[in-house]
Structure formats: structure tokens, C-alpha cells
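Note that the sequence shown covers residues 435 to 1238 in the numbering used here.
Hints are supplied without guarantee of correctness; some may be wrong.
The calculated label-pair distances, taken between Cβ atoms and stated as ranges, are [unchecked claim]:
no., residue 1, residue 2, range
1, VAL1167, ALA936, 49 to 57 Å
2, ARG1225, VAL1167, 41 to 49 Å
3, ALA487, PRO1006, 39 to 47 Å
4, ARG1061, GLU769, 22 to 30 Å
5, GLU732, PRO1114, 54 to 62 Å
Cut-off 30 Å, straight-line C-alpha distance, at most; resulting in silico cross-link-like pairs (DSSO-like, lysine-lysine) [claimed, not checked]:
no., residue 1, residue 2
6, LYS1188, LYS975
7, LYS616, LYS1013
8, LYS616, LYS975
9, LYS1141, LYS1188
10, LYS1013, LYS975
Derived by calculation from the structure, the hints in this document are not laboratory data.
Ideal Cβ positions, reconstructed from N, Cα and C, are used throughout, including at glycine.
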Amino acid sequence: MIGIGDRDYVAIRFEAFLDEVLAPASVLATAPLELEIWQTEEAVELAVARDAAYSPCAVGHRWGPAWSTAWFRVRGRVPAEMAGQPVALRFSSGTEALLWQDGAPRQGLDDHHDRVLLFPRAAGGEAVDLLVEAACNLPLGVSTFWWDHPETAKRWQEDRPGRVEACELVAIDPELERVCRKVDLARRTLLALPEEHPRGIELLHGLRRLLNRVPAARPRAILELEPGLEALLRGAPEAPRTVCHAVGHAHVDTAWLWPMRETRRKLLRTWAGALELMERFPRFRFLASSAQHYAWVEEDAPELFARVEQRVAEGRWEVVGGSWVENDCHAPSGESLVRQLLHGQRWFAARFGEAAPQRLMYLPDSFGFPASLPQIARLAGLDTFVTNKLSWCHRNPYPFTTFRWRGVDGSELLTHFTPGDDYNAPLEPKDLLHGEGKLLANDRGAFREPRAGEPPRWLQPYGFGDGGGGPTAEMAARAELAAAVNGLPAVVQSGAAGFAAAIHDDRDGRLARGEADLPCWDGELYLEFHTGTQTSQAWLKAANARAEDQLRRLEGMLATGGDLAFARGLAPEIDAAWKTVLLHQFHDILPGTSIAAVYQDARAAYAGLQRSLDSLESRAREALLVRLDPRGMAEPALVFNDGSEARGRILRGAGGLRWTRPIPPMSAALFDLALPGPVPAPVRTGRRRLENDLVVMELDEAGRIAKLQRRDCSAPVNAARADGSLAPLHHLVAFEDRPRRWEAWDLDFDYPDKAEPVDSPADSIELIEDDPLRSTFEVRRRWRSSDIALRYSLEAGSDRVEIA
435 MIGIGDRDYV AIRFEAFLDE VLAPASVLAT APLELEIWQT EEAVELAVAR DAAYSPCAVG
495 HRWGPAWSTA WFRVRGRVPA EMAGQPVALR FSSGTEALLW QDGAPRQGLD DHHDRVLLFP
555 RAAGGEAVDL LVEAACNLPL GVSTFWWDHP ETAKRWQEDR PGRVEACELV AIDPELERVC
615 RKVDLARRTL LALPEEHPRG IELLHGLRRL LNRVPAARPR AILELEPGLE ALLRGAPEAP
675 RTVCHAVGHA HVDTAWLWPM RETRRKLLRT WAGALELMER FPRFRFLASS AQHYAWVEED
735 APELFARVEQ RVAEGRWEVV GGSWVENDCH APSGESLVRQ LLHGQRWFAA RFGEAAPQRL
795 MYLPDSFGFP ASLPQIARLA GLDTFVTNKL SWCHRNPYPF TTFRWRGVDG SELLTHFTPG
855 DDYNAPLEPK DLLHGEGKLL ANDRGAFREP RAGEPPRWLQ PYGFGDGGGG PTAEMAARAE
915 LAAAVNGLPA VVQSGAAGFA AAIHDDRDGR LARGEADLPC WDGELYLEFH TGTQTSQAWL
975 KAANARAEDQ LRRLEGMLAT GGDLAFARGL APEIDAAWKT VLLHQFHDIL PGTSIAAVYQ
1035 DARAAYAGLQ RSLDSLESRA REALLVRLDP RGMAEPALVF NDGSEARGRI LRGAGGLRWT
1095 RPIPPMSAAL FDLALPGPVP APVRTGRRRL ENDLVVMELD EAGRIAKLQR RDCSAPVNAA
1155 RADGSLAPLH HLVAFEDRPR RWEAWDLDFD YPDKAEPVDS PADSIELIED DPLRSTFEVR
1215 RRWRSSDIAL RYSLEAGSDR VEIA
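Taking the hints into account, I'd like the entire structure generated from these sequences.
Following this line, the structure appears as C-alpha cells:
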């Protein structure tokens, strides 16, 4: 007798029978192919690889080093005994790779994708002559993780980690392959259900009865039992508890554990594979975001992009997100958040027109979202927001799955946290049941009981991701088979657009019936994790902010100048500059979480960007200078106020500092720095002391602020100690930066346990600028291997001390 406690034991038998009998029998024949290799350090175009000098190699060949490229030429003929059968190429370089056929990308190859259907029904004798472009890296770069096998970790420390693992033709029995997938789905479903669940017990005993009737020597006998297997999968008719909208997806990070140049190749591999699945699975849909990715694919593989365009027009390839890249939302300015959507939507509209309408903001992996985002999204025409990363909150999980997110101005976005907690899900039954369980625990318990026939909905993107790859044929088959499996959510393949339309319709129906609205989250969507991303790679955050400011100032000058023809002449360069900034705002670049090579490339990109912006601003200033007419001035200076209120400036001329009168916001004026100007509320200095008529500041010997007080206040800002003395402000404190995991991402909550105040007397405190218009103290000190310089500045007429 088989008892409830024997489930896992029996299921192992099902797995063994599937892996050792049924699956091998679905491969009718194999035939080796001839293989040659040509290696290069850098990636090259197909035309170069075609004419290269190849050398013979064989399965087992080791190649490298990491990040290099190998091209393989694969040749042979389909054997006569494979006639009448589907014939596929099985190839593995032990790395990521791309099969090229007829001058275009055909399909990506990696650990999870190693078969490409070449002939749906072979005649026998067909010639095979193919090129495979292999990159010596894994989907997650050349890094290995705690979940990897020790052999894998060891291999990727070697000089030649690439390894040719397969190169052959495979004749496939499609009927037996189809039944294998059904058996596998039944086995995984019973393991995903609670052990005492009646449906799981039904599957356990049903599979046992079916497989006992299949002799190991005659595995195709299971085909006769397929109707019974299908009935077992369906089970008794029962209303589903939830509806899962499943859509193929491949989260391709624009850069992370690999540089951008590798991302461009990842996109070709991944998107070619998705297009192949569309040929084989009529209901399969695929979504991809980021206008930058589409622009790269159009440039690198026009033939592949044309196939994407066809599928977009059909509605099976979903262009979602609306933004230039899946951006970080903390470090960029509000203007940049607007530009992400502006540039992204303009590009999508130009290429796809009405075939790719945008309503969905899709940022599954960004590290939290400001309260300004609903307003920006709604003004961009978007009404739905989907994310996943906030499931990582480890102390205060969010209480809802589908809800209204209200921003600072009252704008609302209908928002959905994918409850499967994984945008890279393999769409196994355990994934489906996890998502369903979380949805019901959150939404049903929080705010509603579903009406009859209206089970709550949720979205599940599936497919290998982060490093791309996308769905496999097994996943696409599960999406089709799971649609009618009792015990699982009802799986529909409507895509993200269909899901968004459905949840809006559901909400509209509730309101029309007078029922309560969805719950509302008011304000920032904060992630209790990855707070270290606020400081990692600080140089890039500073460069991003400078570029944002300079672009804003430049565009303000052009708008103020009024010379439309001149502004239009600079528009292409400004557009390119903005796209460089937006590209580097990707959520693993600007936050500082990528490998060193990414930041080497970013430094070069920003150096070029700075030269371009300086040139653009110089030309804009020259045009303004001519229009404002500097004739008669001994030392003309152009001042542009890019602020939101009238203000003056302190400028340095040949005769020293000069004060310029306030000018209106977003306006320009000329001043002659040779003429002396007024000095409002001049600055006075003393020993470690700065003051004017509005504020006074004193430093102590450690370079801290010993006293800070407004003249119109009765007491300093500093807190008073018990003995009546003032506690200094602006302490320097060092903390040990050794997170438990995710070094570039995290500041663990207990990091203050190991604090080291830097409060010894400073090496020097020097008055480096002493002028009635502006004075500055510089504090310098050496701490361990670092040089620290602090500058405290006070300007005439200012009620604030600036610290750099």
C-alpha cells in the first residue's frame, strides 16, 4: 500500500522512469557533425567570421580565455535513417552562443537552450552548413555563485573555461516528447501540492497506475494511454481560485555582470529564441521592454528586427514599459524620469506606431520608486504599473498585490506586484501555486471576496533572465498544458496588455456595482533592501547629476535665445547626449552594482559626453552673447539663471569677485565684470569663523561645526550638552563596509555596530578664500590611506553655509 507519507518516495520513481526510459526514447537517432573552430579576442561581424581560417576540433575541446569569442563551423548531412522525422541540431559550447543561419540570427544557445529544430520533417540527405558564435561566458557573466556546482566554479577559474559539450543532429519523436511533458507536469503538480491534498493523492495514484502499464522495453506504449493521462491532468471540473496571466519574458539587464557590448549579443540570442518558440507554439506571447534594446537589435541584426516587427503587428510580441531602459528611480532627477518615458515612447511610436500602444510602466527589478512617479507616468499616458523587486522587503512586506498607488499630486496608477516573486520563473506548478497563495493571502484577505466566476488575476512573466535566454520549449508547453489542470490556477496567455486591460475592467465593474474600490498606497514605494546603492560608484552618480544639470541649462539657453533654427541644428546632438545619460541610468549601472568593466566603459562614455556638452553649451552661450550685444563692455560675462526664482550670482573676473544683480528665472543677462558691484550683507572672517548679517559659523579643531546660528534666532542649531556646552555638528564617522551578501547593494541594518569616529584634530584648517562676497575654510586630514578635504563656504547675503 502507498500511504500519504510515501509521496516523495514514489515521485522519485516517476522522475527516474521519465529521465531514463521515456525521454531517451523520444530521441530516435543521433548523428555527429563535423566541427571547426576559429577564435578571436574581440567580437567580430558575421562577414569577418565567414572568411576566417578554421581549424578542426571535436566534442570535448577546451577554449578560452573568459570574455573571448569562438566561431564554430558545423557541417554534415542528415542521415537517410532520419527521413520523415523532425531533425534538430544539438550544440553546446559550454557557454552562451548564437546560431547563425542564412546570414541572420536563428537561436540562442546556452545551458537551457541546446536544441534548434532545423527540419520539421527531414527528407534525408539535406546539407547542414552553419556558423555558431560563442562567447566565453555564462548567462551571468564569468561570475559563479553559492548555488553553482563546485566543478563549475573551478572551471571558470581556469584559462580555458569553454568546453564543447555536444555537436550532433537529433531525430525527435514529437508524439513521445509531447507525452513526456504531460507526465512531467503531472509529477511536478503532485509534488507542489500539500502531501495530504486530495488532488495530489489523485495524481499520485493515477500516475502510478498509468506508468505501471508501460514496459521499459516498449516506452511508446504510453501513447496508447495518452487520453487517460490527459483526463488525469484535467481532473474533475472545478472553478479555478485564481487566473494567472502568463507571458514569456527574458529580463536582459542592460549591463550587470557583463559589459554592454555583451548585452547586445545577449539580445540577439534571446529574441531569436523567442521568435523560434512563436513558430512552434501558436499561443505563445513574449514581452520585452526598453527602447534602447530595440534600437540595438535594429542596428545589429536588421533581419531579426524585421521578424520582431511582424510579431508586434500580430500582437504576439509585446512592446512594454514605455521607457528608454529599465531605469533606476532614486538617483535620476525628475526631469530624467520624464525623459526616460519621452524618449522611449517616441522611439516605440516611430518604429511600431499603433501596433505598440503604451499603457504599462514595467520596472520589475528597480530598487524602489519615488512618490513622483504616478504623476509622471499618468502625464505620459500610462495607467498601469508592474514591478516585482519590492517582494524583497525583509521586515515589512507590502500588504497588497493589486492596488491604487497615489503620488504626491494625487495622481493614481493601478499597480500590481507580481505575486510569484520571480520575473525569471520557469512556470512550474510550484511557481503557479506560490503566486496563487500569495495573491489570495494578500488581496482576498485584505479587501475583497471574489464574485462567482470572477477569480482574482495575477501576472507571471516566465523565462530565464537577468542574463537573458528567455523561455524554453518546456516552459512554453507548460503554459499551454497548465491552462486546464485541476489544482493549478487557470493559466491564460493574454500577455501583459491583456492582463492590464482585465484588471482595469475588473475594477470598473466593481465600482459600477457600488462595491469598495481597491486599496490605496499613498507615497513612496520603498524597498527595505539594497540601500547601499545610494552610495556605490559615487563618481557616476555625480557625473549623472552634472550631465542632467548641464542639459537642463543648455535647453533653457536655447529656449531663452529664441533662435529656433539654431536650436533645431543642435537637436540631434542634444538627443544623443540625453540618450547617453538615460542609458547609464539603468538599474544596475547608475546604482553601482555592476562589474568593474561596466564602469570602465561608463567613464569613457561620460568623458565623451562631457566634451560634447561643453561644446554644445559653448555654442549656445556664443549665440546668446551675440544676441544680447556685449559691445561697450570691458569684461562681458553672460549669466543664465536656470533656477525657478530670481537670483544673483557671484562671478570671478580679472579684478576679483563681483556680485551680479538678480535676474528672472530662465533668463539671460550680460554683466561687465570690470565694473565694481554692490556687496549685500558682506562676509567677515575670524579664527575658524565665518559670518555675515544673517548667519554665523565657527569650527572646532577637528573641523566640525562648533556653532551654527542664524542672527534672528536666540539659540544655535547645535544641541546643548548637560554641561551647557554645544555638541558639534557635521561629524565624520567611518563604518566597516562588509555586507553579508550583495556587497555593492547593501548596508546591513546593524552596520553602526562597528563605527569609528574621525574626530582627532585636523591636520590643517586654512582660510583659502577671503573676500567680502565669499569666504571659504578648507579642513584637511589624513585618515588611514585616505586624504579628506572639507570646504565650508559662506556667501554675502546668504543664510546657508555650503559644505563640499
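Quick rundown of the hints versus the structure:
Evaluation of the 49 to 57 Å hint for VAL1167 and ALA936 yields a pass: the beta carbon distance comes to about 52 Å. Range check, ARG1225 to VAL1167: Cβ separation about 19 Å, and the 41 to 49 Å hint is violated. Remark: the range hint 39 to 47 Å for ALA487 to PRO1006 is upheld by a beta-carbon distance near 42 Å. Between ARG1061 and GLU769 the beta carbons are some 25 Å apart, a value that agrees with the proposed interval 22 to 30 Å.
The hinted range of 54 to 62 Å is satisfied by GLU732 and PRO1114, whose Cβ atoms lie roughly 56 Å apart. This hinted pair checks out: LYS1188 and LYS975 have alpha carbons roughly 26 Å apart, not beyond 30 Å. At roughly 47 Å between alpha-carbon atoms, LYS616 and LYS1013 are farther apart than 30 Å, so this suggested pair is violated. Our distance criterion of 30 Å between C-alpha atoms is broken by LYS616 and LYS975, whose separation comes to about 51 Å.
For the proposed pair LYS1141 and LYS1188, the alpha carbon gap of about 28 Å is at most 30 Å, so the pair holds. A hinted pair counts as satisfied when its Cα atoms are at most 30 Å apart, and LYS1013 with LYS975 qualifies at roughly 16 Å.
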